[in-house]
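Novice: Those sequence lines, one after another, are chains A and B. Residues in the first sequence are numbered consecutively from 1, following this note's numbering. Residues in the second sequence are numbered consecutively from 1001, following this note's numbering.
Source of the hints: derived by calculation from the structure; they are not laboratory data. Fair warning: there could be bad hints in the mix.
Derived, one-sided and incomplete: chain B residues facing chain A with beta-carbon distance under 10 Å [as the list claims (entries may be wrong)]:
{"no.": "1", "residue": "Phe1028"}
{"no.": "2", "residue": "Ile1095"}
{"no.": "3", "residue": "Leu1101"}
{"no.": "4", "residue": "Leu1110"}
{"no.": "5", "residue": "Ser1124"}
{"no.": "6", "residue": "Thr1127"}
{"no.": "7", "residue": "Gly1147"}
{"no.": "8", "residue": "Thr1148"}
{"no.": "9", "residue": "Val1150"}
{"no.": "10", "residue": "Val1151"}
{"no.": "11", "residue": "Leu1223"}
{"no.": "12", "residue": "Leu1276"}
{"no.": "13", "residue": "Leu1279"}
To spell it out: a stretch of chain A is covered by chain B in this simulated footprint if at least three of its residues, at any positions, have a beta carbon under 8 Å from a beta carbon of chain B; those stretches are [unchecked claim]:
{"no.": "14", "segment": "117-126"}
{"no.": "15", "segment": "203-210"}
{"no.": "16", "segment": "305-319"}
Computed from the model, here is a short list of chain A residues facing chain B with C-beta under 7 Å [unchecked claim]:
{"no.": "17", "residue": "Ile220"}
{"no.": "18", "residue": "Val263"}
{"no.": "19", "residue": "Pro334"}
C-beta: ideal position from N, C-alpha, C; glycine also.
Given next are the chains, with one letter for each unit.
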Amino acid sequence: MTCGAHRISRRTPESTAGLVVFGALLVALATLPEWDPDRTLQVPLVIVLIYLSLAQMWNLLAGFAGLVSIGQQMFVGIGVYSLLTLAEDRGIDPYLSVALAGLVAAVLSIPVALFAFRLKGGYFAIGTWVIAEVVRLLVIESDSLAGGDVRSLTRNSLGAYSREARDDITYWLALALAVGATAIVVLVLRSRLGLGLRAVRDSEGGARGLGVDVGRTRLIVWVVAAFWTGATGAVILLNSPSARADSAFSVLRWTALVIFIVVIGGVGSTTGPILGVAVFWFIDEQLAEADTWRFIILGTVAVVMAVLAPKGLYGLLQRWRPVQFFPVRRRLVPRAEEPA
Amino acid sequence: MSWANAAVQGVLLGGLFALVATGLSLSFGVMRFVNLAHGDLAILAAYLAVSTTTILDVNPFVSLLVVVPLMAAAGYLTQRYVFDRTIGPDPLPAILVTFGLGVVIQNALLQHYSADSQGLDAGSIETASIRLTDDIAVGWFPLLTLGTAVVVLVALQLLLSRTRAGRAFRATSDDPDTARLMGIDDRRIYARVMAIAFATVALAGVFIGIRQTFGPAEGPSILLFGFEAVVIGGLGSLWGTLVGGIVLGVAQALGNQVDVRYDLLSGVLFGHLLFLAVLAFRPQGLFGRQGRA
């Protein structure tokens, strides 16, 4: 787009460099099963990628749409039990079922919104948490879902694939979810919808006045995040082929850790969750099996960051040197800077 | 257990929920602040009472003399040095800080006290009861809990409506900027409110510990019950909070009478469903004003 002596552009030198680096990284990650035959990197990476996918979606809701949900474990759990029902009980291909699980989560997220969207701020947060608890209790009480028992994927659903093929497909699915989640956030923010979201974040009344349909904008983002979180839940089950309702709907594992990752990395930026997930990986590598310490350490770091550096590591990086790896903002570039 | 008896026990249980909800209701009413660590603080207080009764060899009721002032002081300081930095038009920082704090408290308790369930032994009052009819008996301890909740709520209502400090609380709630112009230090008001909120939730936590066994992971469900009581009663209304707690208690007790797969959970599920029904059909709560949620 041109405008007199200036040009409007989203690209920055870092974003072009970033594109090259990320492209190379992506090729390396996609071919990982080829050059990491012992799976020393592949096994921990699946978890890291799953958390990146969840973190990007939570950040889309909380950081951009003002929907601070503490109920996202509900969609993980719905994904897990959709996969059990579709693949294990109905015999549908497990990998097709991953997409269907996302669809189930997306459909169920609409009635959830009907209740939860009546609450604001902190009360929206607790409201979504209550609804997640209701879903967990219903899954436990249900005879056909049997959420009170340990359930797993067996030869019924996985029989057609070899063990090696399953491990690789699970890894690729996790990679696709993480990269896809990042791409979704970038695309949403660059679209008209994203412009509306940021307008609503800055001033809800002002955005309304300019004709942004706040409720509709938020609902779209809510449903997209539910789809992606549900599909990620299905991959979580593929990666650890047994589940109970209490683990599938765990607020600590699927929402608290995700929130800590986003807060440490930087709420409201696309790079933040990537930085946060790197910190999560690093800390997890230092701890052997101490689940408790993981929550204490990450939680404390997150609280300290939220008070002292509310924009997280990405914000600190920006203060030191302003770089934009995922360009979502439009800038004015003087013509003189343009190479001829 | 008959339905009538279940309803009576539910009213008494509601006293406990109201006691939990008091601090949430007050801090939301005065400073629009939602503390997601509220339930974990109740459990923290119960554990502090366990340590106090063990070290000093006293009754849990006596331990209140240590636990409640300690928690009140913690509330004052936490508001002053942590929560205050998160108050503003954007609710996100407050949610993140209080939620994170709750998770840290929960896991620190797990690390220190282990996952074994604990209980507070208050002696014979725990089992003593008055028999009203053939199948309705009222326990002294649940009665004491409900009585305490009523006394706390009446005292707070009087504080808010009759005292100079209460006037400052209400003025700050209505318009912090103008209140500041009148010479009110809103930061100090907020710290006092949080001290009261922590003190009441400490009281609730110790009562929970006497009533039942508890573990480090129970904070979140306590938070949800308290929150439901506040929303059912209507945001910002202390009387509503009492009624909301009682309505929730009755719903849970009656829900437990329904026979389903896992008996222990059905009462909780019924309580949640009642809350959702209120949210759908009367979002302002039973006593709330329109458009406050």
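Novice: Identify whether the interface hint at Ile1095(B) stands, where standing means a beta carbon of chain A within less than 10 Å of its own.
Specialist: holds, 5 Å
Novice: Do the numbers back the hint for Leu1276(B), that is, is its least Cβ distance to chain A under 10 Å?
Specialist: holds, 6 Å
Novice: Residue count check for the segment 203-210 of chain A against chain B: does it reach three with CB-CB under 8 Å?
Specialist: Result for this restraint: violated, n = 0.
Novice: With 10 Å as the cut and Cβ atoms as the points, is Val1151(B) at the interface with chain A?
Specialist: Violated. Min distance 27 Å.
Novice: Holds or violated: is there a CB of chain B closer than 7 Å to the CB of Val263(A)?
Specialist: holds, 5 Å
Novice: Can the hint on Leu1279(B) be confirmed by a CB-to-CB distance to chain A that is less than 10 Å?
Specialist: Holds, because the Cβ-Cβ distance from Leu1279(B) to chain A comes to roughly 5 Å (cut-off 10 Å).
Novice: Against chain A, with CB atoms and a cut of 10 Å, does the hint on Phe1028(B) hold up?
Specialist: holds, 8 Å
Novice: For the hint on Leu1223(B), just tell me whether its beta-carbon gets within less than 10 Å of chain A.
Specialist: At about 7 Å, which falls below the 10 Å cut-off, the nearest Cβ of chain A leaves the hint on Leu1223(B) intact, so it holds.
Novice: Okay, the segment 305-319 of chain A and chain B, do three or more residues pass the C-beta test at under 8 Å?
Specialist: holds (count 3)
Novice: Report holds or violated for the interface hint on Leu1101(B), using the least CB-CB distance to chain A and a cut-off of 10 Å.
Specialist: holds, 6 Å
Novice: Does the CB of Pro334(A) sit less than 7 Å away from some CB of chain B?
Specialist: Violated - the Cβ of Pro334(A) stays beyond 7 Å from chain B, reaching only about 34 Å at its closest.
Novice: Have a go at the Gly1147(B) hint: is there a Cβ in chain A nearer than 10 Å to its own Cβ?
Specialist: Cβ of Gly1147(B) sits 28 Å from chain A, so the hint is violated.
Hint violations for this structure: numbers 5, 6, 7, 8, 9, 10, 15, 17, 19, all remaining hints satisfied.
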